[in-house]
Amino acid sequence: MTDNASPEPEPTHLETESDRSPRGAMVLEVRDLSVDFGVDKKWVPAAIGLNYEVRAGEVLAIVGESGSGKSASSMALLGLLPSNSRVRGSVKLSGKELLGEKSGNIREVRGKDVAVIFQEPMTALNPVYTVGAQIVETLRLHNSISPDEAKQRAVRMLELVELPDPEKAFKSYPHQLSGGQRQRAMIAQSLSCDPKLLIADEPTTALDVTVQAEILDLMRNLRNKLDSAIVLITHDMGVVADLADRIAVMRKGVIVESGTAQQIFSNPQHEYTQALLAAVPHLGQGADSADVDVTAALAAATNSELESVEHDELVRRERENRLALQAAAEEAAKPQANPVLELVDVAIEYPKQGRVPAFRAVEGANLVIYPGQVVGLVGESGSGKTTIGRAAVGLLPVAAGSMRVVGQDISGAKRNGKQLHEVRRDIGMVFQDPSSSLNPRLPIGESIGEPMYLAGVAKGVNLQKRIETLLDQVELPRDYRNRYPHELSGGQKQRVGIARALSLQPKLMVADEPTSALDVSVQAKVLELFQNLQKELGFACLFVTHDLAVVDVLADRICVMQRGRIVEQGTREQILRNPQEPYTQRLLAAVPLPDPEKQRERRELRAQLMAAGIE
Amino acid sequence: MSQPTQEDELLAQQALSEAAATQAGSEVTSGLSQGQIVRKRFFGHTGALIGLAVFALIFLLAFTSVGAFGIPGWWKYNHVDVSPLVNDGAPTSSLWPIAWGEHPFGQDRIGRDLFAMTMRGAQQSITVMVLIGAIAGAIGAIVGGLAGYFRGWVEAVLMRLTDVIIIIPLLLLAAVVGQIANRRDEGSWLNGFAANNGVVILGVFLGFVSWVGLARLVRGEFLTLREREFVDAARISGASNARIIFKHILPNAVGVLIVNVTLTMSAAILLETALSYLGLGVKAPDTSLGLLVAQNQEAFATRPWLFWFPGLFIILICLSINFIGDGLRDAFDPRQKKFKAKTAVETTRHSSTTAPVADAPKGS
Numbered sequence: 055m056t057d058n059a060s061p062e063p064e065p066t067h068l069e070t071e072s073d074r075s076p077r078g079a080m081v082l083e084v085r086d087l088s089v090d091f092g093v094d095k096k097w098v099p100a101a102i103g104l105n106y107e108v109r110a111g112e113v114l115a116i117v118g119e120s121g122s123g124k125s126a127s128s129m130a131l132l133g134l135l136p137s138n139s140r141v142r143g144s145v146k147l148s149g150k151e152l153l154g155e156k157s158g159n160i161r162e163v164r165g166k167d168v169a170v171i172f173q174e175p176m177t178a179l180n181p182v183y184t185v186g187a188q189i190v191e192t193l194r195l196h197n198s199i200s201p202d203e204a205k206q207r208a209v210r211m212l213e214l215v216e217l218p219d220p221e222k223a224f225k226s227y228p229h230q231l232s233g234g235q236r237q238r239a240m241i242a243q244s245l246s247c248d249p250k251l252l253i254a255d256e257p258t259t260a261l262d263v264t265v266q267a268e269i270l271d272l273m274r275n276l277r278n279k280l281d282s283a284i285v286l287i288t289h290d291m292g293v294v295a296d297l298a299d300r301i302a303v304m305r306k307g308v309i310v311e312s313g314t315a316q317q318i319f320s321n322p323q324h325e326y327t328q329a330l331l332a333a334v335p336h337l338g339q340g341a342d343s344a345d346v347d348v349t350a351a352l353a354a355a356t357n358s359e360l361e362s363v364e365h366d367e368l369v370r371r372e373r374e375n376r377l378a379l380q381a382a383a384e385e386a387a388k389p390q391a392n393p394v395l396e397l398v399d400v401a402i403e404y405p406k407q408g409r410v411p412a413f414r415a416v417e418g419a420n421l422v423i424y425p426g427q428v429v430g431l432v433g434e435s436g437s438g439k440t441t442i443g444r445a446a447v448g449l450l451p452v453a454a455g456s457m458r459v460v461g462q463d464i465s466g467a468k469r470n471g472k473q474l475h476e477v478r479r480d481i482g483m484v485f486q487d488p489s490s491s492l493n494p495r496l497p498i499g500e501s502i503g504e505p506m507y508l509a510g511v512a513k514g515v516n517l518q519k520r521i522e523t524l525l526d527q528v529e530l531p532r533d534y535r536n537r538y539p540h541e542l543s544g545g546q547k548q549r550v551g552i553a554r555a556l557s558l559q560p561k562l563m564v565a566d567e568p569t570s571a572l573d574v575s576v577q578a579k580v581l582e583l584f585q586n587l588q589k590e591l592g593f594a595c596l597f598v599t600h601d602l603a604v605v606d607v608l609a610d611r612i613c614v615m616q617r618g619r620i621v622e623q624g625t626r627e628q629i630l631r632n633p634q635e636p637y638t639q640r641l642l643a644a645v646p647l648p649d650p651e652k653q654r655e656r657r658e659l660r661a662q663l664m665a666a667g668i669e
Numbered sequence: 038m039s040q041p042t043q044e045d046e047l048l049a050q051q052a053l054s055e056a057a058a059t060q061a062g063s064e065v066t067s068g069l070s071q072g073q074i075v076r077k078r079f080f081g082h083t084g085a086l087i088g089l090a091v092f093a094l095i096f097l098l099a100f101t102s103v104g105a106f107g108i109p110g111w112w113k114y115n116h117v118d119v120s121p122l123v124n125d126g127a128p129t130s131s132l133w134p135i136a137w138g139e140h141p142f143g144q145d146r147i148g149r150d151l152f153a154m155t156m157r158g159a160q161q162s163i164t165v166m167v168l169i170g171a172i173a174g175a176i177g178a179i180v181g182g183l184a185g186y187f188r189g190w191v192e193a194v195l196m197r198l199t200d201v202i203i204i205i206p207l208l209l210l211a212a213v214v215g216q217i218a219n220r221r222d223e224g225s226w227l228n229g230f231a232a233n234n235g236v237v238i239l240g241v242f243l244g245f246v247s248w249v250g251l252a253r254l255v256r257g258e259f260l261t262l263r264e265r266e267f268v269d270a271a272r273i274s275g276a277s278n279a280r281i282i283f284k285h286i287l288p289n290a291v292g293v294l295i296v297n298v299t300l301t302m303s304a305a306i307l308l309e310t311a312l313s314y315l316g317l318g319v320k321a322p323d324t325s326l327g328l329l330v331a332q333n334q335e336a337f338a339t340r341p342w343l344f345w346f347p348g349l350f351i352i353l354i355c356l357s358i359n360f361i362g363d364g365l366r367d368a369f370d371p372r373q374k375k376f377k378a379k380t381a382v383e384t385t386r387h388s389s390t391t392a393p394v395a396d397a398p399k400g401s
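Those protein sequences? They're chains E and F, same order as listed. What the first sequence shows, in my numbering, is residues 55 to 669, in sequence order. What the second sequence shows, in my numbering, is residues 38 to 401, in sequence order.
Keep in mind the hints are simulated off the structure, nothing from the lab. Computed from a prediction, not measured in an experiment: that's the story for all the values here. In this text, a Cβ means the ideal position worked out from N, Cα and C, and glycines have one as well. Just to be clear, a hint being listed does not mean it is correct.
[Claimed, not checked] Simulated restraints, written as ranges between beta carbons of each label pair:
id, chain 1, residue 1, chain 2, residue 2, range
1, F, 257, E, 206, 42 to 50 Å
2, E, 454, F, 237, 46 to 54 Å
3, F, 76, E, 592, 35 to 43 Å
4, E, 509, F, 93, 37 to 45 Å
5, F, 304, E, 454, 49 to 57 Å
6, F, 237, E, 182, 44 to 52 Å
7, F, 257, E, 183, 19 to 27 Å
8, F, 198, E, 413, 29 to 37 Å
9, F, 260, E, 454, 29 to 37 Å
Using the sequences provided together with the hints, build the complete structure.
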């Protein structure tokens, strides 16, 4: 299954899927679409004069960072914007104008002709109804069919989206399904009325890499089965490479470049497109060593043959990997100083609450971090990686084993006790969601200064000076200190989070997915800042993430976690060039690449891995 | 995990560029604490300032005119003096020419000066309101905060206590307290105090029973807020439980707190009236605004001023308290903005442009 786009003959030249896109009927035609939002007695444009069209069976990707107006313009198609907005221009769905239509007629269109897949399935599905009931509702709103018939069709839809047990999923509530399953259910609901147009608003942003790969596979299959036009909204070029026929790049409300996927990826014209492509963290672009060819490494580790890559070339690429690996092993053998963080057979439990019994999230974890070392902790959500991070700063008790942080054993420490208080002077933590981890009612200067104030390090004028230095270090203007968090963008908020974590000059920094809530281009900048600070200040760091590409940029060592256990750990080179565990291999293969060609190689490999895993 | 909406982002960008534009020329701003910023925002709130001014004016007028705490005021009558009827008791004040006259608000049937009575009533009502607001607000915030933050047995004990207080009828409790305070035969300190300052006793007592609803609301807020990551962040920063509760979580729950306290304070006037009407609150010859309105409702057809002036003062006091509360809430909440589509001005700058643009001043 190298290429499943269409039954046409295999292409011999570079222009592949994109140029062969079936010339279906025009489904969506957008002309001069402008969207404005009213803020502070002013109309502020969010999208200006957009022109694009989508044909049946085609995938148009709209790419841009948050705030570029890509979501706002797409929601405007359906009239789903808040009351302080204004939409002008023309939107034609199969030749019928949608803008300025009566709300009753628009309601007919919604769900039936145009369906939306939202970013966060947990909030898009109603938690008090079963998944089945919600699909049945959509079906019966638009078709006059009996409840039994609707149920049958709903189960068929759930089957179509490859849910393992459609009957059971039909009766499940959203919270009983995993994130990936929820997104599948969401897709089933949106496809239930055979829409002409499907708008997918960042459909995989909230998901893990492995789940993301599965959902993307599903969407690719569905596109071939159904003849819908798809508008894919995303900020991730990796996702786009996997799915899109044509791409429109948006920036500040304007489409700056559009073309086929092949054109955009192989020959981006606009500088912004180039910057966006460069910002995607690739696997194997590590800090100061040669690139890691992950595809080759994976192929070697699993002894698989790829149809799309020459055998000789693969052998050559594998040899390069082996050489680099030996060098890395010698490097790692050098003696080290006292560890900053040391976990020996640690188990961590979430204490029981009421009738819910205690839940053991981590079992038998062994991990050592030496001063100045960055250790990446990788795994899917629910694998217990965040749990280890939180236990290391004493937010969760250690149930068994011993945990030593900056030389002190905190496994028996009392919650909020004196010992933890002492230890916390030497550790800092950066949280996942910067909008939740900063107190919304506290100006950011005070947030940054709080650890120093409480530790009694500085007061008054002195404290203000320290805050200024920290703001300089994270490259924020000094006068931002009187701002509230909501006045800052996501990347700036995360910089504040980093400044706060650095304020006591910690020996150990725990970073809990600090970039997963950020856009790709912002993420690149924050990671760069983080890397520079780490080199400059030399703190040790436990970097928790689900994104292998991010860890690859930063980490010296990588630990891979699955279901509460550390399944594999080693230097960055060992893990990326010679992954031993099948789980690590799957994880590596799931990372999307911002290049349609390479991505096809990777996809093939992943299919083989999955097949091997099932046997 | 909630993604910021488009609107939020627009607000953020807007705030950024505006602040950048206004601060571009000025020298480096110094760091302000949360308290300083809240104060600054409060004093920039027109409604709150008007409310504060009106309340201060009424307060001064009420307490200086007829005197309080044994100090005589500047007005020639007090609320018990009886003088001959002037002009059959109708108000002597007039707008043109502006004149005060002998009895500006008129007199009641037996010749007591209504201005003096209204002022005395305003004193009493303000005392009750402020006492109830302060006591109920403080107890409600602390009990709700502790229960919501600590959970476990602290929550169980405190919430059952609130349940117990909720189920006891208020009037019954008031009657008991009224009886104790009114036993004039025993010359204890409490009785002496109660005889002269019945309204203080009443305010304190009502404060001690009307915090329960507030405590439940505050607890609810705390339950959601304590799960937010900034609480963990504060704990890692080394903050104690008390600091987390009062410095980090309470300012976030302040909206609920203030709205409720202002509502309680407005309702306090009615509560005090009801109790006085039943003979359990303020007793004649002493008076309160609620009591004046209640007593004079039959006279509405013949002597409407007896009804109008106390009513006007009740409205003014309640409105100004609500305005102050509004201002306080907005000052604590950094994201209060309003938008009107009709008066909006066109701009061409895209929302994601953060750089300050040297454009014409706002509203042009």
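Exercise for the section: Determine whether the Cβ-Cβ distance between residue 260(F) and residue 454(E) falls within the hinted range of 29 to 37 Å. Expected result: holds (31 Å)
Problem - Range hint compliance [Cβ, residue 237(F) to residue 182(E), 44 to 52 Å] - result: holds (50 Å)
Practice task
Note whether the CB distance of residue 76(F) and residue 592(E) lies within 35 to 43 Å or breaks it.
Solution key: With a Cβ separation near 41 Å, residue 76(F) and residue 592(E) satisfy 35 to 43 Å, so the hint holds.
Practice task
Mind checking the hinted window 46 to 54 Å against the Cβ distance between residue 454(E) and residue 237(F)?
Solution key: About 60 Å separates the Cβ atoms of residue 454(E) and residue 237(F), which means 46 to 54 Å is violated.
Practice task
Using the Cβ atoms, figure out if residue 198(F) sits within 29 to 37 Å of residue 413(E).
Solution key: Because 32 Å falls inside the window, the suggested range holds.
Practice task
Could you check the hint for me, namely that residue 509(E) and residue 93(F) are 37 to 45 Å apart, CB to CB?
Solution key: holds (42 Å)
Practice task
Just tell me: holds or violated, for the beta carbon distance of residue 304(F) and residue 454(E) against 49 to 57 Å?
Solution key: holds (55 Å)
Handout entry: Distance restraint hint 19 to 27 Å, applied to the beta-carbon atoms of residue 257(F) and residue 183(E)
Key = holds (25 Å)
Practice task
Note whether the CB distance of residue 257(F) and residue 206(E) lies within 42 to 50 Å or breaks it.
Solution key: For residue 257(F) and residue 206(E) the Cβ distance comes to about 43 Å; the hint holds.
Comparing the model with each earlier hint shows a violation of hint 2 alone; every other hint is respected.
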